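Student: Just so you know, the sequences run in chain order L and G.
Note that numbering that gives the first Met the number 0 gives residue 59 to position 60 of the first sequence, counting from 1, and the numbers run on in steps of one.
Note that numbering that gives the first Met the number 0 gives residue 168 to position 169 of the second sequence, counting from 1, and the numbers run on in steps of one.
Take these hints with a grain of salt, some might be off.
Cβ pair distances, simulated, as ranges [as the list claims (entries may be wrong)]: (1) Glu79(G) - Val318(L): 55 to 61 Å; (2) Val319(L) - Glu132(G): 57 to 63 Å; (3) Glu79(G) - Val319(L): 57 to 63 Å; (4) Glu79(G) - Phe15(L): 37 to 43 Å; (5) Pro18(L) - Asn45(G): 35 to 41 Å.
Source of the hints: derived by calculation from the structure; they are not laboratory data.
Keep in mind the model is a prediction, meaning the values are calculated, not measured.
Think of the CB as a built atom: it goes at the ideal place given N, C-alpha and C, for glycine as much as any other residue.
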Amino acid sequence: MRSLRFLLEKEFRQIFRNPAILRMIFIMPVIQLIILPQVADYEIRNVKMDVIDHDHSMYSREMIRKITSSGCFELAGYHDSYTAALHDVEHDRTDLILEIPAGFERTLVRENEAPLFIAVNAINGMRANLGAAYLNSIIRDYNQEVRAEWIRFPRFDEQPRIEVQQRNWYNLHLNYKLFMVPGILVILLTMVGAFLAALNIVKEKEIGTIEQINVTPIRKHHFILGKLIPFWIMGLLVLSLGLLVARLIYGIVPVGNIGLIYLFAAIFLLAVLGLGLLISTISHTQQQAMLIAFFLMMIFILMGGLYTSIESMPRWAQVVTWFNPVTYFIDVVRMVVLKGSGLKDIAGHLGIIFIFAVVLNAWAVFSYRKRT
Amino acid sequence: MKNPEKHYEYAITADALSKHFGDFTAVDRITFNVRRGEIFGFLGANGAGKTTAMRMLCGLSKPSSGEATVAGYDVAAQPEDIKRNIGYMSQKFSLYEDLTVTENIRFFAGIYGLSDAAIREKSASLLRHLQLEAEKNKLVQSLPLGWKQKLAFSIAIIHEPKIVFLDEPTGGVDPLTRREFWEMIYTSARQGTTIFVTTHYMDEAEYCHRVSIMVDGRIAALDTPAALKKHFGAASMNEVFLQLARQATRQAD
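With the rest of the complex left out, here is chain L:
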């Protein structure tokens, strides 16, 4: 155990002497945590819309006013012909075309229904879909308002109407930041941990100092622990910093016990660092280690349930996410921060991540060879 003390001393000295590592640990995550949540949400704003109004009636003008005042749409063009509007789509100047046919008002009043035409630029599928859905719902609202007005003059029978009211549990105002910030924090923690660990041992291989270590009677697990512990402490510091940013900038205060987040993070970090060290022991150059770490990180991030819901992935992809440690932490951090889940609720996740930690670190110790 004595040699572990000297290893730790050395690692800490090297970390604190390396401004690049300190920047990577402390400044980059904070900047990313400040920037990324501002842009990583699914709210669609500023959908550009072209309107072709063949009717020029009171109703059509009122409807256009209602759509543009919703804040979601921006009137990009007002044309007389469909061809002109399509031209805008072709040049990517607009996302949607709303065509109001001539006689819209008259048909609506006389026949109690009137057709409208919406064309969607589906290059950006999500934007197009959500934009069209918003537009539909605004038009539906407008339709109901019109009807409500008519009902006051009893020209028509009052129709029974069902109105659905929804309530968003755990995130009352569907604040995306509340949902995204904890998840992004998990990603940052994973990246800092995995990259630092992945680059560390392989760096000693490149500069040749590993030979000098390997020719000493040092125990393999002491060497790995000597690499693991400093980054583990750094990881917990990054987490604390991240939680502070979440509180100060986004006003996010975990509903549940913050100690649970630390407990889970402590074991999660061991798993991630173990993976990094494993990558480091099997790589020959820092470039190799970087590419492997980057490849895994892409999968971890895109298949971790941060941006897309795991439940809507194909079955095989869901199976892949079981082997993604990030999935469990994102789940846990959301459960604790948003819902106030307790130890009992996260116990299963805790057990799984513990297995990850044991397997990955044992594998790293095993694959680190003092002799070739």
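Assemble chain G onto chain L, guided by the hints.
Tutor: Okay, now just chain G, sitting in the frame of chain L:
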């Protein structure tokens, strides 16, 4: 141990020691013994297999076949026991450049299990001997190469190993520093340390008690420098080396 007396007399024994990388035989059944306290020169052209052989003896590389003992321990079966008893200075400079002189000394001394008192004492005497007291808190990367090499050697023997392996320790170093370096080697040998050294400088080969010359993974000659010169009818070790190295069929790396 099959023959305890042999191990008492010899610091290193090798018997048909070989290393293959796929079809390539880097070291081909080398057999030799190194006496205790001897300065043993291990010569050969680039790619002759010197470093591979040395790495096997240090427990950094697993032998493909043959047997060898270092400090009485079996190279194949007891590499970790060997590591407690040897010092090693690799071809690549391998102290931590981003640590200071004192920090490097402290780290390696600690890894070898020296007590705090011993570390303090060793550091002080080492810095005094190398006249590095003024530089002790400088990062190693700021030292000139010659000083780095002398420091690396001193650290390689900080735990007072029975045997020290030096892989081209004076590569790229000026003649004066080389001279000083060899004085350090002699001092160490006088204190009973066995020195196993590879070099490309033939004047250095003359300093060795005995010299082996490797050609294409085999030991082509092994004797004292004087006997080798006589045997090959050469005036200097340089001529001996050239005569043997020209027989090589293998491409240098």
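Student: Take the hints in turn and mark each one as holding or not.
Tutor: Right, here's what the structure says about each hint:
1. Glu79(G) and Val318(L) have their C-beta atoms about 42 Å apart, which leaves the hinted 55 to 61 Å range violated.
2. The beta-carbon spacing between Val319(L) and Glu132(G), approximately 60 Å, falls within the hinted interval of 57 to 63 Å.
3. For Glu79(G) and Val319(L), the hinted distance range of 57 to 63 Å is not satisfied, since their beta carbons lie about 40 Å from each other.
4. Look at Glu79(G) against Phe15(L): about 32 Å separates their beta carbons, and that is not inside 37 to 43 Å.
5. Between Pro18(L) and Asn45(G) the beta carbon distance is about 39 Å. The supplied range of 35 to 41 Å therefore holds.
The structure does not agree with the numbered hints 1, 3 and 4 stated previously, though it agrees with the rest.
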